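The chain contents come next:
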Amino acid sequence: MADEKENNGEKKYKYSIIIPTYNERLNIAIIVYLIFKHLRDVDFEIVVVDDGSPDGTQEIVMQLQKLYGEDRILLRARAKKLGLGTAYIHGLKYASGDFVVIMDADLSHHPKYLPSFIKKQLETNASIVTGTRYVKGGGVHGWNLMRKLTSRGANVLAQTFLWPGVSDLTGSFRLYKKEVLEDVISSCVSKGYVFQMEMIVRASRKGYQIEEVPITFVDRVFGTSKLGGSEIVEYLKGLVYLLLTT
Amino acid sequence: MKHIIKILSLLVAISAFWIGLLQAAIVPRSHTWLLPVYFVVSLGCYGLLMVGVGLMQFPTCPQEAVLLQKDITEAKDYFKHKGVDVGSD
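Protein chains in written order, with numbering that gives the first Met the number 0: chain V, 0 to 245; chain Z, 0 to 88.
For reference, chain V alone in the conformation it holds in the complex (with noise of 0.2 Å):
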């Protein structure tokens, strides 16, 4: 933590938001614009990490990065794509703040919230601030009776097997201690969805003090949902692995 500034007797830290991005071209765009309107005294840099789109989304962050800076915006593209908890470990190389926020590129996950995160882990120095959509204050739009269902059996399954001490584990809005983020992300090893229930309860199980901030979640506004019916059978499998490893 070289670059920690004194600002009224409190240290001012510096943030990096992590976005993976595969055809984001419109929205990685409105997310930077939100996450500049909602972080105005922030020191922040947003991470963009893009596995070859080929719809151009990688031309837009170049365009942005000529807008808003080049030291505020990375472009760390990778050749083809190659899953989600890579991305990750790509981004946080490149990644200089004494924090790292982790969020979707496909506008479920709103920058507004950004700031509700920093408050948490000040008042708390929490080494985890996770978004959960299941408390007062949180809340999921554009989910049918299907998945609001599958969404609710999933949680009850993992709560009374898993004992994992927060209340939405598939979320992946969360703001991560940079050097907790490298020490966890290092032991996972699945892939897509059961990624990131994986690293919170490894967090848990690490000992890691995890806080919780209410977010909403609207469901893909532009693009379609990558979610399929194996998704089911992987978070089964995930669900096993975990009580087995963990």
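Everything labelled a hint here was simulated from the structure, so no lab data went into it. None of the hints are false.
In silico lysine-lysine, DSS-like type, Cα no more than 25 Å apart, as pairs:
1) Lys205(V) / Lys1(Z)
2) Lys69(Z) / Lys135(V)
3) Lys111(V) / Lys75(Z)
4) Lys69(Z) / Lys36(V)
5) Lys65(V) / Lys81(Z)
6) Lys65(V) / Lys75(Z)
7) Lys111(V) / Lys69(Z)
8) Lys190(V) / Lys1(Z)
9) Lys13(V) / Lys119(V)
10) Lys190(V) / Lys147(V)
11) Lys36(V) / Lys75(Z)
12) Lys111(V) / Lys79(Z)
13) Lys205(V) / Lys5(Z)
14) Lys65(V) / Lys36(V)
15) Lys118(V) / Lys36(V)
16) Lys81(Z) / Lys111(V)
17) Lys36(V) / Lys79(Z)
18) Lys79(Z) / Lys69(Z)
19) Lys79(Z) / Lys65(V)
20) Lys81(Z) / Lys36(V)
21) Lys5(Z) / Lys236(V)
22) Lys236(V) / Lys1(Z)
Since this is a predicted model, take the numbers as computed values, not measurements.
Position chain Z against the provided structure of chain V, taking the given hints into account.
Structure of chain Z alone, referenced to chain V:
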């Protein structure tokens, strides 16, 4: 300790208690024999109840979708003004 060990220990403790009850025969044995059935059934009921309650109290936020649309329009206008071509879809 692996989590599965914790859960198995809990199950072993419950089984030990049950076998103790069977041996001691404080309550009629026919009742004691049925206890595991009750246990499994109540566990299932608990799960279904939790899913049901969760489903009924599922927090939704239709107003957020409206607010997000406003934010999207605002951002698009801003980029149009700045000459960044974000395209449309």
